[in-house]
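Student: In case you want the letters, here they are:
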Amino acid sequence: MSTAVDIPRFVRAKQVEALPPPNLARGPIAWVRENLFSGPFNTILTLVVFYLLYVAVPPLVRFLFIDAVWTGTDRAACRADTGGSETGACWAFIWDKINYFIYGSYTVSERWRVDIFFALLAIGVAWLLWLRAPRRDLGAVYFFWIFPVVSYVLLTGGNADLGLRFWIGFAIFGALVIALFAFFAALLKTAMRPALIMGGGIVAVIGITLAVVDVDFGLAHVPTSLWGGILVTLLVATVGIVVSLPFGILLALGRRSKLPIVRMASVIFIEFVRGVPLITVLIMANTMLPLFLPGDMTVDRLLRPLIGTALFASAYMAEVVRGGLQAMPKGQYEGAMSLGLNYPQMMTLIILPQALRIVIPGIVNTFIGLFKDTSLVAIVGIFDLVKTIEASRIDPNWAAPTIGITGYAFAALFYFIFCFGMSRYSLGVERRLAAGQKR
Amino acid sequence: MATTLSSQTIRSVDVDPKAEAAVQMIDVHKWYGEFHVLRDINLNVRRGERIVICGPSGSGKSTMIRCINRLEEHQKGRIIVDGTELTNDLKRIDEVRRDVGMVFQHFNLFPHLTILENCTLAPIWVKKMPKKEAEEIAMHYLKRVKIPEQANKYPGQLSGGQQQRVAIARSLCMSPKIMLFDEPTSALDPEMVKEVLDTMVGLADEGMTMLCVTHEMGFARQVADRVIFMDYGQIVEMNTPDEFFRNPQHERTKLFLSQILH
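Here the protein sequences come in this chain order: A and U. Under numbering that gives the first Met the number 0, the first residue of the first sequence is numbered 0, with each subsequent residue one higher. Under numbering that gives the first Met the number 0, the first residue of the second sequence is numbered 0, with each subsequent residue one higher.
These aren't lab readings, by the way, just hints derived from the structure by calculation. Please note that the accuracy of each hint is not assured.
Said to hold, decoys possible - Here are the simulated DSBU-like cross-link-like pairs (lysine-lysine), alpha carbons at most 30 Å apart as the crow flies: (1) U:Lys152 with A:Lys329; (2) U:Lys75 with A:Lys329; (3) U:Lys193 with A:Lys257; (4) A:Lys329 with U:Lys127; (5) U:Lys145 with A:Lys329; (6) A:Lys257 with U:Lys130; (7) A:Lys329 with U:Lys176; (8) A:Lys329 with U:Lys90; (9) U:Lys130 with A:Lys329; (10) U:Lys126 with A:Lys257; (11) A:Lys257 with U:Lys75; (12) U:Lys253 with A:Lys329; (13) U:Lys90 with A:Lys257.
Stated by the list, open to error - Label pairs and their in silico Cβ distance ranges: (14) A:Lys329 with U:Glu190: 27 to 37 Å; (15) A:Gly26 with U:Ser158: 29 to 39 Å; (16) A:Arg135 with U:Leu256: 58 to 68 Å; (17) A:Arg255 with U:Lys145: 37 to 47 Å; (18) U:Glu33 with A:Ser37: 49 to 59 Å.
Just so it is clear, CB atoms sit at the ideal spot from N, CA and C, and this is done for glycine as well.
Input sequences plus hints: build the corresponding full structure.
Tutor: Here it is in structure tokens:
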């Protein structure tokens, strides 16, 4: 079958069949040779890494598991002078304080409400993140409307007691919103009916939300100053993530808008927030926000850092999304426009699905950063997980040498599970979305 | 009610009474910053007419046809498409784009949607057509461009020629009155040019109004009613294909033809 190369004429008579590769290129030994010892430099690197693993992993395993103290009711178990073990983690301490780490100082008899909140959150997250889940549109309604309202009532106790004057004010506000929609419909010469339905819908959603918040369900009021631990950490992270993505997309679109005022406003917001550390934003939200509001109006102490972190993350998200928008070829815009799609349709159907897919790594990066940044709310006196650990660490009942390390190890484990989960999930989504579109 | 009435009256004023014109361009000028890309363009395209536009690169051919569906904005003169004058009024631009299909050099299919979704997107969202009906129409046109079996694949899985035929089908799904082609075969492998040209010839035979920027002179000879030669943003010469190729008048046209016909 061989073909000499120096013959001047050649016509192939028979097609060459596809053959399997030679055996040398496969198998575990080939893999090791190719990936671990493919050259002197790689061999040295491999050996160095093996040595570092040998130095680091066994002591860590010994501390966290083998020598660890798993049971005990106070410091005696974790102190050498009282017969305990001092060389391992004191998991008994975590076990003893676990309720405080989860709920903070939330009223003990009402903690079932927090459990329901966690369950509802898990349902919502699973519904939205599981790409093949049924009725994901309903899932979105649940997660972005029903879940927040129910959670608010559950966690605070609801019964906002808005009063008649408020409802009269709301009625006027609702009429104004509908009138505004009608006005814009007339201005843009579009059909009146959808505009009225949209305006009415918005007013109805806000009205129902407020009504639910207003109703007295007989739940005891739990002030936010009692909330703490994982509850607060997850709350701040969820609100930050849920607000920052849509708000960031709007800011990114605003920054690329042709309208100078919209563009300027977006640029100023993004650059201002990005130019300021999160701690400053939190302190400003905590101490300066009340100064700008009318005297009789107060913003809840937990709500202030909540808004602060959400706005902070939005600015970063906006820049990530803008990166995706800029990576879109002009032809996609032109293809969409030439078919007669208007701007919102073009963005939601063509540009954003592709642009967001490009920047999934950046988006998840921002989410992970935000999730870890929630620990900074401690600076304005909110008891998040890290702060509750800090507070328990100095409990004289548990005065033992390994308590601090154990506490932080627990915090590290908690943050790692969530951040690693987000990271893996995003990788899975990337793979899935890319599957059908590979060249 | 009042709004629809007023826009109707504006439209009827704009309709040119003397012509069955699909596209009218009257004294159109366009600048990119300081650069004068389109100069004194006057063109009247009758319904059902097939026009081929050629010229050296940078001569403004693409820009001219992109002005017709307002992908580019002209700064002076008037463009009237199917009786609707293009102004800054977004509503009218949408109206024109609904009636004018466009096929691009690089296809511009939507890579995140299947072939079928690419074709049904605009009918569903722009024409508010029920999904089932849109899919039937899409399959009809995909059959016409001879790739119904690819309907559930993604654009990235198709060859260039197939992608371009999908792009043509996608435009046809909006049942346009006018089709614009912007160098539809320039990005294709040589073996795939013919299948796209055949599709376009088929369209021309059915009486579609077509404006086609292309250097496929065989295509021009076969289907064009008029050939336009452009250079420096101006229409240099315009004639029937027979006359244009046999007996070019302008020096620049002669030079151009001698370069491309060998």
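Student: Look at the Cβ atoms of Lys329 (chain A) and Glu190 (chain U) and judge whether their distance stays inside 27 to 37 Å.
Tutor: With Cβ atoms ~28 Å apart, the hint holds.
Student: Taking 30 Å as the top limit, are the C-alpha atoms of Lys253 (chain U) and Lys329 (chain A) close enough?
Tutor: 35 Å, violated
Student: Are the Cα positions of Lys329 (chain A) and Lys90 (chain U) separated by 30 Å at most?
Tutor: 22 Å, holds
Student: Measure nothing beyond the straight line between the CA atoms of Lys145 (chain U) and Lys329 (chain A); if it is 30 Å or shorter, mark the hint as holding.
Tutor: At roughly 28 Å apart (the allowed maximum being 30 Å), Lys329 (chain A) and Lys145 (chain U) satisfy the hint.
Student: Are the Cα positions of Lys193 (chain U) and Lys257 (chain A) separated by 30 Å at most?
Tutor: 41 Å, violated
Student: That 29 to 39 Å hint for Gly26 (chain A) and Ser158 (chain U) (C-beta), does it hold up?
Tutor: 37 Å, holds
Student: Does the beta carbon distance between Arg255 (chain A) and Lys145 (chain U) stay inside 37 to 47 Å, or does it fall outside?
Tutor: Since the Cβ atoms of Arg255 (chain A) and Lys145 (chain U) sit about 40 Å apart, the hinted range of 37 to 47 Å holds.
Student: Take a quick look at whether Lys257 (chain A) and Lys75 (chain U) sit within 30 Å of each other, Cα to Cα.
Tutor: Given that 30 Å is the threshold and the Cα spacing comes to 21 Å, the pair holds.
Student: Please verify whether Lys126 (chain U) and Lys257 (chain A) have alpha carbons no more than 30 Å apart.
Tutor: 27 Å, holds
Student: I want to verify a distance hint. Is the separation of the beta carbons of Glu33 (chain U) and Ser37 (chain A) within 49 to 59 Å?
Tutor: 57 Å, holds
Student: Given the hint that Lys329 (chain A) pairs with Lys176 (chain U), does the C-alpha gap stay at or below 30 Å?
Tutor: OK: Lys329 (chain A) and Lys176 (chain U) at ~25 Å, within 30 Å.
Student: Is it true that the CA of Lys75 (chain U) sits at most 30 Å from the CA of Lys329 (chain A)?
Tutor: 25 Å, holds
Checked against the numbered hints above, the structure violates hints 3, 6 and 12; every other hint is satisfied.
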